[in-house]
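If you read the sequences in order, they're chains A and B. The first sequence: position 21 = 21 (our numbering), numbered continuously. The second sequence: position 136 = 1136 (our numbering), numbered continuously.
Quick caveat, the hints were computed from the structure, so don't treat them as lab data. The model shown is predicted, which means the values in this text are computed figures rather than measured ones. Glycine included, each C-beta is placed from N, C-alpha and C at the ideal position. Any given hint could be a false lead.
Covered, in the sense of this in silico footprint (three residues per stretch, anywhere, with C-beta under 8 angstroms from a C-beta of chain A), are these stretches of chain B [stated by the list, open to error]:
{"no.": "1", "region": "1011 to 1018"}
{"no.": "2", "region": "1046 to 1058"}
{"no.": "3", "region": "1083 to 1092"}
{"no.": "4", "region": "1162 to 1168"}
{"no.": "5", "region": "1174 to 1185"}
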Amino acid sequence: MRPISARIVEIVQETPTVRTLRFDRTLGPVPGQYLMVWVRGIDEVPMSFSYRDGITVQLVGEATRAIFDLEVGESLGLRGPLGNGFTLSGERILLVGGGVGAAPLALLGEAAAEAGIEVTTLLASRCCDDLLFLKRFERIGEVVITTDDGSLGICGRASVGLSALRLQEFDQIYLCGPEPMMEDVIGRCAGMETKIQASIDRYFKCGMGICGSCSLDPSGIRVCVEGPVFRADRLAGTEFGRYRRGASGIKILRDG
Amino acid sequence: MESPVMLAAGILGTTGASLRRAALAGAGAVVTKSVGVAPREGHRGPTVVQVEGGLLNAMGLPNPSYRNFQEEIDIGRGGGAPVVASIFGAGAEEFVEVATGLDADGFELNLSCPHADRLGAEIGCEACNVEAITRAVKEEVNVPVWVKITPNVADVVSLGLAAERGGADGVVAINTLRAMAIDVESGMPILGNRFGGLSGPAIKPVAVRCVYDLASALEIPVIGVGGIASWEDAAEMMMAGARGVQVGTALGMIEGYGVFRSIAEGLSAYLDRKGIDLEELVGLARRAT
């Protein structure tokens, strides 16, 4: 499809570096699906849906800077919804969101709560100012907070927060956040890999499974069309957690 | 080659894992994404947009440089099919540097990318360049060298003949057609590069004509590419004179990696039904008229 023009009807500053844009139309996504967002004249970048009619953007580079410069009434070109989203299952679920990764989980959690599923959220961030969508998560269930600096909730990484929860009680665990966080959480949920769904991030260019920039070693899984959500057992033995590729295809090893 | 159906350059060939997956899915050979002397990140997005009858793309030759690519070729070989390295450069010297820097089962010279400054079609539209670059690479490597030519010229055959004079082992036709799409809401060209190349079903008749003309004029084999998504498309291209076909856009638009097997199986059933072999199919349309 060609990009569909969507007008921005509302902008919400969520944290110092994160902003939500609501559009005048919904593209009808399944939570966890994404869209390619064209900032005309600048670039096209993938974003998760944080609302049926909205995205939540962290300021990280030129394209997101350009998105931050937009005002209500201006428009973006959208292609989507794309990829495979989360699959809801079970009666009790746990959402584990780190930083801006909490965005698609908020949409998922609301759909789950509406379907009568009991939702618990582990919300992680660097500090209390960076916690995303705390009110949305609190409205749908219990929330455990971790902050790296201890400014709110449990001091430490998301994985530390897991010890405050009885993991066996959850039928399904949904993850979205920085890759080291997700890998750490998966590692601490040993034996539960088939119950974990993680939304992962790779360099997307085409969004239709033909350019190969997001292919995952060693089997060549195309994240943009076969993901971005994968069951954790499918990620085992892949490059996930070890390296990723940049725009040229050169491997970028994980720090440390 | 076990199957005449190959993975086309530029599609999924960035990593060894993707090449291997295409080979395991039944591709008779796999062509890598084009690699050059230095890493390139490619054009800004949108790099691909779906349009009437196909895809319009301007990836901009993103690649990690040949210096970071041997490992991908080696992994790709694990799929059991020959790995052909698509290479590009600004002139004969760069082509030779890349070709001699890689160990591949063959090379496909990208003299036809329609959307990169001073590369691809910008040099490949001149027959003298095609001949000189082909000759320079042929002198330095001991594996088959194919030349992928551009359809964006008045006389495609002259480019094919130039490749043949330069010593090419085969000609691959066609690369994408120069094209453009404009966003009617803003008046802006959709591609980050403003213009790009059209692929997919829309260009198949153009490709069939080019292959027909080339196969009529050349001694060396012609490999057909452009809009092939089904066994009927492959059969048509081979009837025009192609000895093999490459598939690209169909991997994204229709059925993904399964396309290799479905084309090969369909083609084989067709040959059985007609009671002919592949050899007889090639160029049938030229003999029929």
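With a cut-off of 8 angstroms between beta carbons, are at least three residues of the region 1162 to 1168 of chain B near chain A? violated (count 0)
Within the region 1083 to 1092 of chain B, is the number of residues with a Cβ closer than 8 angstroms to a Cβ of chain A three or more? With 0 residues close enough to chain A, the hint is violated.
Has the region 1011 to 1018 of chain B got at least three residues whose CB is nearer than 8 angstroms to a CB belonging to chain A? holds (count 8)
Can the region 1046 to 1058 of chain B be counted as covered by chain A under the rule of three residues or more with Cβ-Cβ separation shorter than 8 angstroms? Check passed, 8 qualifying residues.
Can you tell me if the region 1174 to 1185 of chain B counts as covered by chain A, using C-beta to C-beta distances under 8 angstroms and a minimum of three residues? This one holds; 3 residues, not fewer than the three required, reach chain A with a Cβ under 8 angstroms.
In this structure, the hints that do not hold are numbers 3 and 4, in rising order.
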